[in-house]
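Colleague: On the provided structure of chain V, position chain A as indicated by the hints.
Same order as they appear, the protein sequences are chains V and A. Every letter in the first sequence is one number past the one before it in this note's numbering, and letter 348, counting from 1, is 426. Every letter in the second sequence is one number past the one before it in this note's numbering, and letter 193, counting from 1, is 293.
To be clear, the hints were calculated from the coordinates, so they are not data collected in a lab. Don't take every hint at face value.
To be verified - Derived DSS-like pairs (lysine-lysine); straight-line CA-CA distance at most 25 angstroms:
hint, chain 1, residue 1, chain 2, residue 2
1, A, K314, V, K325
2, V, K282, V, K263
3, V, K325, V, K263
4, V, K265, V, K196
5, V, K368, A, K238
6, A, K210, A, K314
7, V, K395, V, K230
8, A, K238, V, K282
9, V, K154, V, K166
10, V, K165, V, K395
11, V, K265, V, K175
12, V, K154, V, K432
13, A, K349, V, K466
14, V, K263, A, K210
15, V, K282, V, K368
16, V, K230, V, K432
17, V, K282, A, K210
18, V, K265, V, K282
19, V, K165, V, K154
20, A, K238, V, K265
21, V, K154, V, K187
22, V, K138, V, K263
23, V, K282, V, K230
24, V, K323, A, K314
25, V, K138, V, K175
26, V, K325, A, K210
27, V, K196, V, K175
Unchecked claim - Here are a few chain A residues that face chain V, going by a calculated C-beta distance under 8 angstroms:
hint, residue
28, T152
29, A157
30, D158
31, G160
32, A236
33, Q239
34, N243
35, T264
36, A265
37, A267
38, N347
39, K351
40, F361
Even for Gly, the Cβ is constructed at its ideal location relative to N, Cα and C.
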Amino acid sequence: MPINSPLSPETRALIKAQLSRRGFIAGVGGAGAVGLLAACGTKGAKSTAAAVVDASETEKIVRWANWTLYLDYDDKAQNYPTLEAFKKSSGLDVTYKEDVDDNNTFYGKVAGQLKLGKDIGYDIVTLTDWMAGRWIRLGYTQAIDTDGVPNKANILPALANVGFDPGRNNSLTWQTGFAGFGWNKEKLPQGVHSLDDLFAPANKGRIEVLSEMRDTMGIIMQYQGVDPSGAFTEAQFMNAIDFLKGKIADGFIRQVKGNSYKEDLISGDAIAVIGWSGDLFQLATENQGKFDFAVPDSGGTLWSDNMMIPSTSTHRKNAEMVMNYYYEPAVAAQVAAYVNYICPVEGAQAEMEKINPALANSPYIFPDATALSKVKVFASLSPDDETKYQSAFQTATGN
Amino acid sequence: MAFVAAISKRSSTVRGIKRPSTPYLLLIPGLSWLAMFFIFPLFTLASTSTQTAPEGADTGTYVQTFRLANYIDAFVASREQFLRSIIYALIATLLALAISYPLAYAIAFKSGKWKNLLLVLVVAPFFTSFLLRTIAWKQILGNEGPVVTVLRTLHVLGPQSGLTASAFAVVTGMTYNFLPFMTLPLYASLERIDPRTLEAASDLYANGLTTFRKVTFPLSLPGVVAGTLLTFIPAAGDYINATLLGNPKTKMIGNVIESRFFEIVDYPTAAALSFMLMAAILILVMAYVRRAGTDELV
Numbered sequence: 079m080p081i082n083s084p085l086s087p088e089t090r091a092l093i094k095a096q097l098s099r100r101g102f103i104a105g106v107g108g109a110g111a112v113g114l115l116a117a118c119g120t121k122g123a124k125s126t127a128a129a130v131v132d133a134s135e136t137e138k139i140v141r142w143a144n145w146t147l148y149l150d151y152d153d154k155a156q157n158y159p160t161l162e163a164f165k166k167s168s169g170l171d172v173t174y175k176e177d178v179d180d181n182n183t184f185y186g187k188v189a190g191q192l193k194l195g196k197d198i199g200y201d202i203v204t205l206t207d208w209m210a211g212r213w214i215r216l217g218y219t220q221a222i223d224t225d226g227v228p229n230k231a232n233i234l235p236a237l238a239n240v241g242f243d244p245g246r247n248n249s250l251t252w253q254t255g256f257a258g259f260g261w262n263k264e265k266l267p268q269g270v271h272s273l274d275d276l277f278a279p280a281n282k283g284r285i286e287v288l289s290e291m292r293d294t295m296g297i298i299m300q301y302q303g304v305d306p307s308g309a310f311t312e313a314q315f316m317n318a319i320d321f322l323k324g325k326i327a328d329g330f331i332r333q334v335k336g337n338s339y340k341e342d343l344i345s346g347d348a349i350a351v352i353g354w355s356g357d358l359f360q361l362a363t364e365n366q367g368k369f370d371f372a373v374p375d376s377g378g379t380l381w382s383d384n385m386m387i388p389s390t391s392t393h394r395k396n397a398e399m400v401m402n403y404y405y406e407p408a409v410a411a412q413v414a415a416y417v418n419y420i421c422p423v424e425g426a427q428a429e430m431e432k433i434n435p436a437l438a439n440s441p442y443i444f445p446d447a448t449a450l451s452k453v454k455v456f457a458s459l460s461p462d463d464e465t466k467y468q469s470a471f472q473t474a475t476g477n
Numbered sequence: 101m102a103f104v105a106a107i108s109k110r111s112s113t114v115r116g117i118k119r120p121s122t123p124y125l126l127l128i129p130g131l132s133w134l135a136m137f138f139i140f141p142l143f144t145l146a147s148t149s150t151q152t153a154p155e156g157a158d159t160g161t162y163v164q165t166f167r168l169a170n171y172i173d174a175f176v177a178s179r180e181q182f183l184r185s186i187i188y189a190l191i192a193t194l195l196a197l198a199i200s201y202p203l204a205y206a207i208a209f210k211s212g213k214w215k216n217l218l219l220v221l222v223v224a225p226f227f228t229s230f231l232l233r234t235i236a237w238k239q240i241l242g243n244e245g246p247v248v249t250v251l252r253t254l255h256v257l258g259p260q261s262g263l264t265a266s267a268f269a270v271v272t273g274m275t276y277n278f279l280p281f282m283t284l285p286l287y288a289s290l291e292r293i294d295p296r297t298l299e300a301a302s303d304l305y306a307n308g309l310t311t312f313r314k315v316t317f318p319l320s321l322p323g324v325v326a327g328t329l330l331t332f333i334p335a336a337g338d339y340i341n342a343t344l345l346g347n348p349k350t351k352m353i354g355n356v357i358e359s360r361f362f363e364i365v366d367y368p369t370a371a372a373l374s375f376m377l378m379a380a381i382l383i384l385v386m387a388y389v390r391r392a393g394t395d396e397l398v
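Excised from the complex, chain V in its bound form (with noise of 0.2 angstroms):
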């Protein structure tokens, strides 16, 4: 296998397939965003403001929202190593926040004062695919200068070119995953590899799937047959949500909630559940193996999140730095073999091999054909179904 092309041929060709499926809703959905400006409507309309300064040369700092355990951290020194590098080459003050648990909660934070053209505090956020999808949509982010992030010919060709972003304009991936079962290997030690096993009558009440809606009703549509990344109808998607309701009401599912389930798996609370690849890799890491992951027998979903310049941010130039820095594929290796997500970067598998080997070989890291043929991508959603699935999905579990 060539150094500089970690993918097969044949692989690039399926994640592309599965990406661009997503894409066709893109065009239509920004056609749909002109003819909205005109019906002037209250709430979501592009934001009107004008365009943002750039203060990058005067104010050396960098703003970035991230979801938790998604950066090399060193609990010793209480830092993030690669970070604390690039702070200090770049004299830049980067401010990193875990602040994204849910792509719905944290836009619902932000899209008042992105509307408004009011600064939301942050000049990179890290959003999946669909919410990315959604805010270059609506004009919430900025183009990124190719200049400045000379790295981003890195990108895996596969990653290059999205439906969501034709030629990676506004947005560029950071890490990749998986989402499947996620189990305490001490209560569970033969596993969980289908949903029955998860769903097994010992696990009543332990069991925490996530409040992704994508992801949780991914895995519950393939179990039933159903291709989430194809054209399913709504009777298919509903009887996912019936076999969801009927898990909530026996009592099987004890909560649905993003990020924060690692919490429970640590405390006990929780023994088995539907998570993504990497938070299961890093805990296993840290509880001394305790914990394992694997994709459902019947097939998980693959996911990105991609980091963006919001339309509001001061400080552009600053975060093209950030991004850049993280496309060399030495960074790109140190951040994958802390977080255990698929790398984007086209050489950090041969810079992984110096770090660790074992992880160089990781089909959760460096995905082959056959790691990615148990894996769907959830089909793009027109703004009418998202909001009738996601509505179905938040009674389902409650709310």
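Modeller: Just chain A now, with coordinates in the frame of chain V:
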């Protein structure tokens, strides 16, 4: 309104007609605060609550169509959580009253030199964040925590059952979190009771129970009313306890509003639910205050 009348009456008698505007000037900061942070948002909320999404619009876009049926739809979809919120808040309020009354009584009448220290202890939990205290409860009552371990050893709880992620934990958490709101008004009204009225009762051969029933309790009623209102109102709208200590079957109306607003980006339904919650609380409180016969307090 009674408050305004009382002030203006006093100023006109004390100062005559010389500067009748002073009390109104004093009200300006408070009223403008209310106008900015209560009245104005209230209008926005009312306007949002009757909007609808135009066909094909992007997520979160709504236009005004004065659709009042939004309220009916919202109520029908969430009546279960509405009822649950009222019931949980009611139980939490009664529990808080049962715990606080003896506590406030002891501090007011029996604590002697410890009085100030005890009062500080009642308020002390406020020095840490509400969120942190609730998360602490999660640890204390957790499946592998001390309480459950002891109860399991004593066979009070089965090996599979726990205390968190249950209605019990949600109500317990609310009771704990709002306890100071109950204790302080109770203490204030008990502390004001003239000890001579109690002496008079015993002089007239009333025993301890009768004295409490006929003298102490009626005199402490303003505290009971204030305390129950201060506990019930925030408890009914609370969602933190249900989020952290509950399960999908113990969600309260606050959770629904949060999910409608943040997760579904359905602002009109969230606004309609907020309005209905406000109206429901207002009606319940008015009926309660009327029945308690303490209108002049509110």
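Colleague: Each of the hints needs a verdict: does it hold here or not?
Modeller: Against the structure, the hints come out as follows:
no.: 1; hint: A:K314 x V:K325; result: 54 angstroms, violated
no.: 2; hint: V:K282 x V:K263; result: 17 angstroms, holds
no.: 3; hint: V:K325 x V:K263; result: 23 angstroms, holds
no.: 4; hint: V:K265 x V:K196; result: 49 angstroms, violated
no.: 5; hint: V:K368 x A:K238; result: 22 angstroms, holds
no.: 6; hint: A:K210 x A:K314; result: 20 angstroms, holds
no.: 7; hint: V:K395 x V:K230; result: 14 angstroms, holds
no.: 8; hint: A:K238 x V:K282; result: 19 angstroms, holds
no.: 9; hint: V:K154 x V:K166; result: 19 angstroms, holds
no.: 10; hint: V:K165 x V:K395; result: 15 angstroms, holds
no.: 11; hint: V:K265 x V:K175; result: 33 angstroms, violated
no.: 12; hint: V:K154 x V:K432; result: 23 angstroms, holds
no.: 13; hint: A:K349 x V:K466; result: 21 angstroms, holds
no.: 14; hint: V:K263 x A:K210; result: 55 angstroms, violated
no.: 15; hint: V:K282 x V:K368; result: 20 angstroms, holds
no.: 16; hint: V:K230 x V:K432; result: 23 angstroms, holds
no.: 17; hint: V:K282 x A:K210; result: 49 angstroms, violated
no.: 18; hint: V:K265 x V:K282; result: 13 angstroms, holds
no.: 19; hint: V:K165 x V:K154; result: 19 angstroms, holds
no.: 20; hint: A:K238 x V:K265; result: 21 angstroms, holds
no.: 21; hint: V:K154 x V:K187; result: 33 angstroms, violated
no.: 22; hint: V:K138 x V:K263; result: 46 angstroms, violated
no.: 23; hint: V:K282 x V:K230; result: 47 angstroms, violated
no.: 24; hint: V:K323 x A:K314; result: 53 angstroms, violated
no.: 25; hint: V:K138 x V:K175; result: 17 angstroms, holds
no.: 26; hint: V:K325 x A:K210; result: 53 angstroms, violated
no.: 27; hint: V:K196 x V:K175; result: 19 angstroms, holds
no.: 28; hint: T152; result: 10 angstroms, violated
no.: 29; hint: A157; result: 6 angstroms, holds
no.: 30; hint: D158; result: 5 angstroms, holds
no.: 31; hint: G160; result: 4 angstroms, holds
no.: 32; hint: A236; result: 12 angstroms, violated
no.: 33; hint: Q239; result: 7 angstroms, holds
no.: 34; hint: N243; result: 5 angstroms, holds
no.: 35; hint: T264; result: 6 angstroms, holds
no.: 36; hint: A265; result: 5 angstroms, holds
no.: 37; hint: A267; result: 12 angstroms, violated
no.: 38; hint: N347; result: 6 angstroms, holds
no.: 39; hint: K351; result: 4 angstroms, holds
no.: 40; hint: F361; result: 6 angstroms, holds
Of the numbered hints listed earlier, those contradicted by the structure are 1, 4, 11, 14, 17, 21, 22, 23, 24, 26, 28, 32, 37.
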